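Please arrange chains B and C on chain A, whose structure you already have, making use of the hints.
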Amino acid sequence: MLAEQEQYSFDFHKETAEIVAESHDELKVKIGEFAGPLDLLLYLIRQEQANIFDIPIARITHEYLNYIRMMKRLDIAVAADFLVMAAQLIEIKSKMLLPRDPMAAEDEEIEDPRKELVDRLLEYEKFKAAAEMLYERSTIEHAVFPRGTIETDEHNAEVNATVFDILTVFQKILARHKDEVKMEIHREEISLADMIRNLRTRIFAAGELNVAEFFESLETKRELVTAFVAVLEIVRTESVKLLQRKTFADIILKAENSG
Amino acid sequence: MAETIEIIEEEFAAEEKQPRDLADLSRAVEALIFVADEPISTRALAEVLEEERELIESVVEELAGSYEERRGGLQIRQIAGGWQISTRTEVHEDVRRLLKSRPSAKLSLAALETLAVIAYKQPVTVPEILEIRGVQSASAIKTLLEKRLIVTKGHKETVGRPMQYGTSKEFLIHFGLKDLTDLPSIEDFEDLVSP
Amino acid sequence: MAETIEIIEEEFAAEEKQPRDLADLSRAVEALIFVADEPISTRALAEVLEEERELIESVVEELAGSYEERRGGLQIRQIAGGWQISTRTEVHEDVRRLLKSRPSAKLSLAALETLAVIAYKQPVTVPEILEIRGVQSASAIKTLLEKRLIVTKGHKETVGRPMQYGTSKEFLIHFGLKDLTDLPSIEDFEDLVSP
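Chains as they are written, first to last, in my numbering: chain A, 1 to 259; chain B, 1 to 195; chain C, 1 to 195.
I should point out that these hints are in silico values taken from the structure, not numbers from a laboratory.
Treat the numbers as computed from the prediction; the structure is a model and nothing was measured.
Below are the DSBU-like pairs computed for lysine-lysine, each with C-alpha atoms no more than 30 Å apart in a straight line:
| # | chain 1 | residue 1 | chain 2 | residue 2 |
| --- | --- | --- | --- | --- |
| 1 | A | Lys-126 | C | Lys-169 |
| 2 | B | Lys-169 | C | Lys-121 |
| 3 | A | Lys-95 | A | Lys-115 |
Only chain A is shown next, with the shape it has when bound in the complex (with noise of 0.2 Å):
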């Protein structure tokens, strides 16, 4: 019963991930994926029981890299951002190794490098936080159910629209009519064999043929391509020839047998 249950109903606070030492060097991510950097860094200084607003950088750095060099062995695709984060780690850190200007005055504050990230962690965790409101809110109406439908909906079997639906319909009808219009080009492709029994069925028929005519009757691409060797095959194979009766006039195709 438990375990049937287990597997539909998700739990914010089971899903949400971990690392899991399995021995000394060989961690393990338990479930899920951190849902990102920030997310991975609240877990981290939680784990090593750091206080927020005096981050061991060194410590924490080191643990954010293991973690990403472990995704990367698991051959799980590291998004950009946990990069990006890292790289923000790795400087944090090395301006925090910096020796203090000597320069500077002695009542000079000094900001803490520390501090825009501590920011943000604290600005996210508070949407962290509002999440699992909304996770609870959202259990608690998955009790409650709306009656079912009744006569009166019947007639008003209707959708409700957003903008975002206009888009996705109007894509969506864009893309009918593309997969349409493939589907004629297909239905009049015309192979190479009955290209050619077709253009000797009209030059013989007439005794010639006006090619620039021919080949302006033709619609698309390939079959202005399939057209093209299809005369030279004639000319080639059967008793028909090219001609041109004066210069920059139309060409022709002649059968030879009809003078």
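Relative to the frame of chain A, chains B and C by itself:
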């Protein structure tokens, strides 16, 4: 004595579940009739609640009676071999007035598609909409005009001078847009498509 | 004699526009809330019934109270700016067994976080969400749009005119909120976070 007590306890434990009290059953029955899409039979209710049919029968009848007594806006009635909650005949006029006044917030898929084409291609004519959607849109256009989501935008100066359509001010209000340039473009959601 | 007749006529005329009694109004209100397929606002009820909003307000509250007192399987509650009849949480197991429904697919942690940022910072753009979450939220936003929990709120008038997002009516329904002010203040979460 001690032995007897033990036996009784065991018997209790063996019983799969304690019988529910009547108020509890009545609550469940009321909720089930309410959420069911179609009139629900006594047998179906008994099955879901794992109770005797006769018991459920009397619970439903009692519940229907209490609705009757209260004389509120709803009733529980037996219909098509099942039980259903519906409004009372006394309030039909009010219900009808509500259904008529229903906000025009809803659109059928056909109307939505037509509206999408008009929004993105305006000003656009009926043949042009047909060309894009691949189906006649006459009744959808009528609906959209009635709901004032679209307006006519004069005749197009081509053969037959067909009427052109565009979106209205109500359209902007309805979809929370400042102006037409506010309509999302495919590019706006491009970043969302990639995983 | 003539006087008497006059008086009777006056009485008749007065009777024609006699206000509906409260029981009658309550009946109508209950039926309308039941029939409406979305939470229905006090204003909409007052308009359909052609009564003062304040009167309707007190009638609905009285009615909701009577449901509460009865402790049946149903409740009348205020949600997404309107009133709705729904089942009580106590009976959810029975209802779920009937509908064979599992708790509907819940949102991922990423989607929940993104939704929390949008709920509290709306209208908000994708770069602003990235700033707070520290991670791209594209697929979460797409999911939320598809589930209609968020809607677009026009373009922001800054470089690149990015699309802005906000929560929808479905968001309120999904999380059982009367309106956005029903959300606890974001500052309240400050006390909960690490000391």
